[in-house]
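Q: Just so you know, the sequences run in chain order A and B.
Just so you know, our numbering puts 255 at position 255 of the first sequence, and the rest follows in order with no gaps.
To convert, count from 1 in the second sequence and add 1000; that's our numbering.
Don't take each hint at face value.
Stated by the list, open to error - Ranges of calculated distance between the beta carbons of each label pair, as one might list FRET restraints: (1) Gly-58(A) with Arg-1077(B): 23 to 33 Å; (2) Thr-1072(B) with Gly-58(A): 27 to 37 Å; (3) Arg-1011(B) with Val-99(A): 32 to 42 Å; (4) Lys-156(A) with Ser-1022(B): 17 to 27 Å; (5) Pro-1226(B) with Ile-98(A): 35 to 45 Å; (6) Trp-144(A) with Thr-1072(B): 23 to 33 Å; (7) Glu-1220(B) with Leu-129(A): 28 to 38 Å; (8) Gln-34(A) with Arg-1019(B): 25 to 35 Å; (9) Leu-1230(B) with His-79(A): 25 to 35 Å; (10) Pro-198(A) with Ser-1022(B): 46 to 56 Å; (11) Thr-1072(B) with Arg-249(A): 16 to 26 Å; (12) Asn-214(A) with Ala-1076(B): 26 to 36 Å; (13) Asn-209(A) with Arg-1077(B): 45 to 55 Å.
Keep in mind the hints are simulated off the structure, nothing from the lab.
We put the CB at the ideal spot given by N, CA and C, even for glycine.
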Amino acid sequence: MQSESATQSSLLQEASLAKDLAAVVSGLHVYYGQRLALDNISLDVREKHVTALIGPSGCGKSTLLRCFNRLNDLIDDCHVQGQIRIFNRNIYHPDEDIVALRRQVGMVFQRPNPFPKSIFDNVAYGVRLQQKLSSRELREIVRWSLKAAALWDEVKDRLDESALQLSSGQQQRLVIARALAVKPKVLLLDEPASNLDPISMLKLEELINELKTNYTIIIVTHNMQQAARVSDYTAFIDQGRLIEMADTRSLFTHPQQKQTEDYITGRYG
Amino acid sequence: MSLKLNQHISREYNAELERIRSQVLRMGGLVESQLTQSVRALRKADTSLAVEVQNADGRINQLEVEIDAECTEIVARRQPAASDLRLIMGVSKIISDLERIGDEAKRIAKMTNTDLAGHLPEHMNMEIGYMADLARTMLHDVLDAFARLDADDALEIAQRDRQIDLKYESITRQLITYMVQDVKTIPTALAVMWAVRSLERIGDRAQNIAEHLIYLVRGEDVRHVPLDDLLQ
């Protein structure tokens, strides 16, 4: 096992010197009751880039993802040690405003979860909770969000129809639009494409590629080829530990750790 | 990190990669034999052997096409990563160099004609034999290193191209001397010049193969890097 500083690629080190980091995780431990789910994770997430978290089922990658918006707080016996700084603010500080945090760090799940409301109301939902806007301003935000999520052209003539009538690929883009509407800086995507057909998946990947010009994206995926296609950096996690993190190009052509090699080439370790 | 082809969860994938490796070795064996035969034909002015060599080149070309198709299929179906990806990319380059070595052997065979027998001085015949041995051993050893996926050996073999280059220069100088001294030797000397030029190219190709092998085992691209830097 290499030292922690050595598991990050030089590109990331450059980024950290340049201070364009969206998130810095240091010495993170997560316990579910007595069980250690994440063991001393330290990694940097570069702003306006895509970072993929890969690893076998149960390795802790989704747990790590949920730490970035403190979604683990909702699990009773979950206990977090260590630090995550997002835009240089310690989000585990006792005074942290969790509602504000989750506005800044949006999340999209494996199963698209639109509300049983119209397409328009789905996107407007979070915005309405957040601020009082005129209907013209609200329409503008909904239009902008649907455009940013590459869904506008498909739904612009039926904004009043139920969101549940959309295909699952469209629903997934709708919940991304809903997340974008409240103007987050970071987007967490938890297996966003695993229930989509190949074409919808490619559309979603294309969307991720467009979104990264304005947002920092952290994506958890089982699909290694997807991680290779969409991400700039990849972290491989196994049994709660960060085994290796590097720019995606190096990690998929020349990983430094045997465990990474075995995982991405489909060998039994 | 050592390269293991046979530890994939998919046994079919193991078999596909293993098959590619053995196909490359088969192709390499054919190329090596073509080289041996072409040099023998040249040195003994054996035109019928030279014709055999020229006819056998088609089999090498065919193998290159087959192996390339298998590599493409693996990329399409398996989306190889890391060492598997490097193996496929490396093999695809190695077989292209092997095919070119086959072409050079064919060219050496083409230079064979009965006139050579009387005109080639014994000393020159031995020099060609010596240079051909260097090239053939280099090819043999790099194929052997490929069979074992041994990057350390590949690095040592890559350096041997220098000896072949030096031999090429010295033979060229001697040929020029013959031609200056006696114009009647010019046709023979030119034929020999073409042949040793081919041997020199074979050394370059064998060095390329060694470099591809280092890449596929270690993941570092050593092309265009001075060998002295690599040895440090």
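Q: Give a verdict on every hint.
A: Hint by hint, here is what the structure shows:
1. With their beta carbons about 28 Å apart, Gly-58(A) and Arg-1077(B) fall inside the hinted range of 23 to 33 Å.
2. Under the hint 27 to 37 Å, the C-beta atoms of Thr-1072(B) and Gly-58(A), about 36 Å apart, fit the expected range.
3. One distance hint, 32 to 42 Å for the beta-carbon pair Arg-1011(B) and Val-99(A), is violated here, with the actual separation near 52 Å.
4. At about 59 Å, the beta-carbon gap between Lys-156(A) and Ser-1022(B) misses the expected band of 17 to 27 Å.
5. The hinted window of 35 to 45 Å between Pro-1226(B) and Ile-98(A) is violated, with their beta carbons roughly 58 Å apart.
6. Between Trp-144(A) and Thr-1072(B), the C-beta spacing of about 44 Å breaks the proposed range 23 to 33 Å.
7. At about 54 Å, the CB distance of Glu-1220(B) to Leu-129(A) disagrees with the hint of 28 to 38 Å.
8. Hint check: Gln-34(A) to Arg-1019(B), Cβ distance near 49 Å, so the stated range 25 to 35 Å is violated.
9. Checked against the given bound of 25 to 35 Å, the beta carbons of Leu-1230(B) and His-79(A), roughly 50 Å apart, lie outside it.
10. Separation of Pro-198(A) from Ser-1022(B) is about 34 Å and departs from the stated range, judged on CB atoms against 46 to 56 Å.
11. Checked against the hint of 16 to 26 Å, the pair Thr-1072(B) and Arg-249(A) passes, with Cβ atoms roughly 22 Å apart.
12. In this structure the supplied range 26 to 36 Å holds for Asn-214(A) paired with Ala-1076(B), their Cβ-Cβ distance being about 35 Å.
13. Restraint check, Asn-209(A) to Arg-1077(B): a C-beta distance of roughly 25 Å breaks the suggested window 45 to 55 Å.
Of the numbered hints given earlier, the model fails hints 3, 4, 5, 6, 7, 8, 9, 10, 13; all others are met.
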